[in-house]
Amino acid sequence: MTPLRSPVLRLLAGAGFALVLLAGCPAPPPAPPPAEAPPAAPSALERAPCPRLEDDLGFAGLEEALAQSIAWLKRQPPERRFPFGPDRYPAAHLLLSLERFRDLISRRPLAGGLEAQLEADYLCYRASGRDGAGRVLYTGYYEPVLEGRLAPNAEFRHPVWGRPEDLITVELGDFAERLRGERIVGRLEGKRLVPYPERRDIEERGLLFDRARPLAYVRDPVGLFFLHVQGSGKIALENGQTLQLAYDGSNGRPYRSIGRLLIAEGKIAAEEMSLPAIRRYLEDHPQEIPRVLYENPSYVFFRAAPEGPLGALGVRLTAGRSLALDRTLFPEAALAFAVTRKPSSGEPAAPLAWVEARRFLLVQDTGSAITGPGRADIFWGAGPEAELAAGSLKHPGSLYLLVLRPDRASP
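Residue numbers 1 to 411, in my numbering, belong to the letters of the sequence shown in order.
Any given hint could be a false lead.
Within a straight-line C-alpha distance of at most 25 Å, the following computed DMTMM-like cross-link-like pairs (lysine to aspartate or glutamate) qualify [stated by the list, open to error]: (1) K234 - E147; (2) K267 - D284; (3) K74 - E99; (4) K394 - D55; (5) K394 - E271; (6) K191 - D166; (7) K394 - E283; (8) K234 - E203.
No wet-lab data here; the hints were simulated from the structure.
Using the sequences and the hints, build the whole thing.
Written out as structure tokens, the structure is:
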């Protein structure tokens, strides 16, 4: 994810924030999906008994997320078919599945009544997982919120840069079919296209001041770094307003993991690696901040956005209800049910305790590292608690997708 999450807080980061700290990062936005989704691998989903369908969030946020998927499905050709393992359902049937589910929860049934109705009217498909036995690795992503100012001062002096005027992106597929999907980024020096400057040069030499416009200034360079990693976020301004930021390109340099660096140097143990662990280390060793952050040459640019964050479907994501999956294997916009873990404490200073999380989600996003039937990435929302959960979640679980039984499609 280019940055972890791109213009549509999505595929860039899809890696799941905790894992992105260790692995590669942002990839450019994905190509538009074909008019009809390709068949899913036979092993990606299989019919299975439904799990216990109790939701740890109750109904919070569920209707909001459903509305986004319903709106997207209404824009699809009714005959477009979506893969559920060996079965395929048209967009019109997926739409009906979500509308029936929406009508059902609008009556606020008790948990037992909801579960019984769903088991009678819906089919469950279980993801085969990484091991073929249903084991899915869950990670999370979030939207950073940084305090900022529109004008710099001694405290707020780190710019959030808009896209530079001289940044050039070349789609190599325009020159050779075998390179379709590949791209390079650079700038012109005379008649030559050269690589764009790295993070260190941009920040130490102030190379962007005559090439780009600062959208805001923040005081936390580490927070700004993680804003780059996520690819979108919010700036809380002094006047009480919020500036919504969306991804608008990068310098094209490869992402290099600072988490991997700190593990290699013995600064943080591999089993303790997380976003909070990196923050704690840099807070305790402020003199290390430039060196550690410069390890990653990738640099991300932003634009002001009217709303957000948006997922790969172009719909607004809902905290705790939007899910990123491999779009080549799983049906977009579909209703899902996750069984995984969540932190029971939002206190950054306290050791995290984990409890079971069971909830309905909607498949509304994807990610560059979210590949295969054994990866799922939950959007946790914005703010410190979301950052803590997303930066720490790296737990196994199981995943189910639900669709209305064809014989229940009649009114």
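Hints versus structure:
| no. | hint | result |
| --- | --- | --- |
| 1 | K234 - E147 | 9 Å, holds |
| 2 | K267 - D284 | 11 Å, holds |
| 3 | K74 - E99 | 11 Å, holds |
| 4 | K394 - D55 | 20 Å, holds |
| 5 | K394 - E271 | 11 Å, holds |
| 6 | K191 - D166 | 13 Å, holds |
| 7 | K394 - E283 | 23 Å, holds |
| 8 | K234 - E203 | 21 Å, holds |
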